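Protein chains in written order, with the working numbering: chain A, 103 to 431; chain B, 103 to 431.
Derived by calculation from the structure, the hints in this document are not laboratory data.
There may be inaccurate statements among the hints.
Unchecked claim - Pair by pair, the computed Cβ-Cβ distance ranges are:
hint	chain 1	residue 1	chain 2	residue 2	range
1	A	K222	B	N225	16 to 22 Å
2	B	K168	A	P121	49 to 55 Å
3	B	K389	A	D171	27 to 33 Å
4	A	P121	B	K365	56 to 62 Å
5	A	G129	B	E247	38 to 44 Å
6	A	Y244	B	N109	47 to 53 Å
7	B	N109	A	K393	53 to 59 Å
8	B	K168	A	K389	48 to 54 Å
9	B	E431	A	R392	57 to 63 Å
10	A	G129	B	P121	35 to 41 Å
11	A	K222	B	N195	27 to 33 Å
12	B	G289	A	K163	25 to 31 Å
13	B	E247	A	I412	21 to 27 Å
Claimed, not checked - Chain A stretches covered by chain B per the calculated footprint, using a threshold of three residues with CB under 8 Å from any CB of chain B:
hint	segment
14	152-164
15	167-180
16	265-273
17	282-296
18	336-349
As the list claims (entries may be wrong) - To give an idea of the interface, some chain B residues facing chain A are shown, with a C-beta separation under 7 Å as derived from the structure:
hint	residue
19	S166
20	N169
21	S192
22	N364
23	P367
24	L406
25	S408
26	A411
27	N413
Computed from a prediction, not measured in an experiment: that's the story for all the values here.
Idealized CB from N, CA, C, for every residue including glycine.
There are 2 protein chains.
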Amino acid sequence: MTIKYENVFINEVSTITGPYEKKGPLGSLFDKSYDDFYFNQKNWEEAEIYLLEESVRNLIKKISKKNEDINLFISGDLLNQTISSNYVASKINIPFLGIYNACATSVEGLIIGSNMIEGKQINNCICSVSSHNNSAEKQFRYPVEYGGPKPKTTTFTVTGAACAFLSNEKSIIKVESSTIGTVKDMGLDNVYQMGAAMTPSCADTIYRHLKETNREINYYDMIYSGDLGLYGKKILKEYMMEEYNIDLINYDDTATIIYDLNKQPVYSGGSGPACLPLVAYSYILGKMKRKELKKVLLVATGALMSPTAINEKMTIPSIAHAISLEVVE
Amino acid sequence: MTIKYENVFINEVSTITGPYEKKGPLGSLFDKSYDDFYFNQKNWEEAEIYLLEESVRNLIKKISKKNEDINLFISGDLLNQTISSNYVASKINIPFLGIYNACATSVEGLIIGSNMIEGKQINNCICSVSSHNNSAEKQFRYPVEYGGPKPKTTTFTVTGAACAFLSNEKSIIKVESSTIGTVKDMGLDNVYQMGAAMTPSCADTIYRHLKETNREINYYDMIYSGDLGLYGKKILKEYMMEEYNIDLINYDDTATIIYDLNKQPVYSGGSGPACLPLVAYSYILGKMKRKELKKVLLVATGALMSPTAINEKMTIPSIAHAISLEVVE
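Chain A with its partners taken away, still in its complex shape (with noise of 0.2 Å):
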C-alpha cells in the first residue's frame, strides 16, 4: 500500500555507532564513534541503552528543541520487548509508540511519524532504531564469548544508533511517498542466510511500489535494500527479473556499503534495524544534499522469525517496507 505525502520533511539525523561501523568505509561520516562495545555500561543490553539515548540525546541537541516540543517518539530494536526503545522513552518524557519489525524498523517508524504529519495530527517526531552486536548475538545464537564459528553468508549485526527528525518544516529533504510491506515466507529456516529469507519481501515491496506509483525503475536515481548482504543482494537481482521482468539498476544493500567486505571480519556485511538508517542518514543523504542523488527509495528488510520459532521448525517470515525520498529546492 503506497502512501503520498506532502508535507513531510527529514530536518535532521543522528548517528552514533560502535568500533566496526567506525573503521568501515563510512567511519567518518557518524556524528560519533566508540572504540569499544561497552560504552562504560555494565553489560550489552545497558550499552545498546546507552548508545540509543546518546543518540537521541543528539538528535535533540542539534534541532535545538526542548523536549516538550518534540510531539512524539517512535522507535524500535531487536532487543526482546524492544528494550532499548522502552528504557530511553522512560527517559525523555515524549508521547511513545514501539514498534517491531525486525530490521525494517526504522523505515516502519518513518511511514508511521510521516503519516501523522501528514494528517496534521502531529508536527514533528522523532524516528529511532538501535542494534548491537553483542546483545544481538547473545540474544539470537550464541554470546561471542563462545567464539563460533559462522558461514559466510551470514551477516554481521551492526552497533549503532540511527535517529530522524521529521517535520512539517521544509528541509531539502522531503519524505515523497511511502509503502508498507506485505509479510512473505517462502519456507527458508536458514537464519545464516537471512538475504535469501528477505527477498521475496523485498521484491514484492519494490515492485508494488513501483506499480502503484506507475513508476519505471529508473525513476530513482538509486534504491537501496537494507541488509540483504553479498550473497543476498545478487539473488534480489535475479529474483526481480524472473519475477517481475525488472532489471534492478540503480541499485545496493546497505548492508555492503557500511564496511569493507574485503578487509573486515563481517561475512556478508551488515545487518540490524541500525544498519539502513546509519548508512541513509550519513552516506545517502550526505549524496541527496550534495545533488549527486536526487531520487531514492529506501527499501528496510526485516526477518521476522524468533530464536523459539526457528527451535520449534518454524521458517523465517520476511517483510520489507520502502520510502521514497527526493531533494526539493
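With chain A fixed as given, assemble chain B onto it according to the hints.
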C-alpha cells in the same frame, strides 16, 4: 498527546479465548472459546499463533470482505519478536505494521489505525493482539509445568486473541479521540506486582487526556484501565486523588472483570495485551450497543520490561495509551 477523530468507527470485532476466560463471567459473550490451552497445536507458541489467526479469520468472515479489500493489518503480542503477529501476517497477504507496547499494544494499534483512517491514508484496517498464559509464563517467568507458587498481587496472563475492524464507514461506535502515553519509571522492580509499576503512567495518561480535551472526569460514563489488577486499581484510585486531586468515579479495571476473582485461581486478575480488548469487544461494546454506556475511555496499560532487564537489576518502565469511544446515532 491527544488527537481527535471525526471519521473513524469500530465496525466489527472478534474475540476468541482459552478455558479460563470461558469459565469466567464473560464466557458466553466471546465469539468462541476453547476447553484446553493447546488448540490442537504442538507447543504454546504455535497455540498462540493459531488463536490469533483464527480470531483474524473470524473477523474477516464477519465483515464479509476479501483480504485484498482490507488495507492494513496492525498487530502485536507478548512473544519475543512478536511472532504471533508475524506468522499470522505471513498467511493473510495484507500490508502489516508490527507494534509493541506490552499490554498497551491493543490501544496503540487502534490509535495508529485511527490516525491513518482520519488522515485518509487508508479506508480500513484490522487491529489485533493476542496473549497466551502458558507461552507468556514460559517466556517471562517459569514454565507452568514447574508449578511454582506466586504472591497474590500477581496477575494471570489472559489466553485469547481480540481483533477490531476499524473503518471510515459509519457505525454506532465512533472512535472519538486518543491520547498517546509517555513512559514512566518509578523505580519499581517487582514483576509480581506490575499493577503498582503501571499506576503512574496510567494516571498520567488519564490526567493528560482530561486536561487536553478540557473534560471533567464525569464526562465519561466509564473509564476502564487494562490490567492493573485488584491491588493496582486501588493504588490508581489513591494515586489519582493524591497527585491530581481527581476522584476516579465510574472506573473499573478489565483485569478484574474478565475473571471471577472469588472463584478462579487467577491471583489479582487478568493481564496481557488481550485482556482489555477481550473485555472491551464483548462486555463493554455490548453495554454501548444497548446504550447503557455512551462515552467510554479505554486505557490500556503496559509494563515495558524484559526478563533479561529484570535479571540485570533494571526497573519496570510502563506506558498507558487511551482511546475514547462514543455511541453515535
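Results of checking the hints against the structure:
1. K222(A) - N225(B): 16 to 22 Å: For N225(B) against K222(A), whose Cβ atoms are near 19 Å apart, the range 16 to 22 Å holds.
2. K168(B) - P121(A): 49 to 55 Å: holds, 51 Å
3. K389(B) - D171(A): 27 to 33 Å: violated, 40 Å
4. P121(A) - K365(B): 56 to 62 Å: Between P121(A) and K365(B), where Cβ atoms are some 59 Å apart, the hint holds.
5. G129(A) - E247(B): 38 to 44 Å: violated, 50 Å
6. Y244(A) - N109(B): 47 to 53 Å: holds, 51 Å
7. N109(B) - K393(A): 53 to 59 Å: violated, 40 Å
8. K168(B) - K389(A): 48 to 54 Å: The hinted range 48 to 54 Å is violated for K168(B) and K389(A), with Cβ atoms some 42 Å apart.
9. E431(B) - R392(A): 57 to 63 Å: holds, 58 Å
10. G129(A) - P121(B): 35 to 41 Å: violated, 57 Å
11. K222(A) - N195(B): 27 to 33 Å: Holds: the Cβ-Cβ distance is about 31 Å, inside 27 to 33 Å.
12. G289(B) - K163(A): 25 to 31 Å: Given a distance of about 27 Å, which is inside 25 to 31 Å, the answer is holds.
13. E247(B) - I412(A): 21 to 27 Å: holds, 22 Å
14. 152-164: Per the Cβ count (0), the hint is violated.
15. 167-180: Coverage by chain B holds here, the residue count being 3 at a Cβ distance below 8 Å.
16. 265-273: violated (count 0)
17. 282-296: Check passed, 6 qualifying residues.
18. 336-349: violated (count 0)
19. S166: violated, 21 Å
20. N169: Because about 10 Å separates N169(B) from the closest Cβ in chain A, which is outside the 7 Å limit, the hint is violated.
21. S192: Constraint on S192(B) satisfied, holds at 4 Å.
22. N364: violated, 32 Å
23. P367: P367(B) check fails; min Cβ-Cβ to chain A is 26 Å, beyond 7 Å.
24. L406: With a minimum Cβ separation of about 4 Å from chain A (threshold 7 Å), the hint on L406(B) holds.
25. S408: holds, 4 Å
26. A411: holds, 5 Å
27. N413: Violated, because the Cβ-Cβ distance from N413(B) to chain A comes to roughly 10 Å (cut-off 7 Å).
When each numbered hint is compared with the structure, violations occur for hints 3, 5, 7, 8, 10, 14, 16, 18, 19, 20, 22, 23 and 27.
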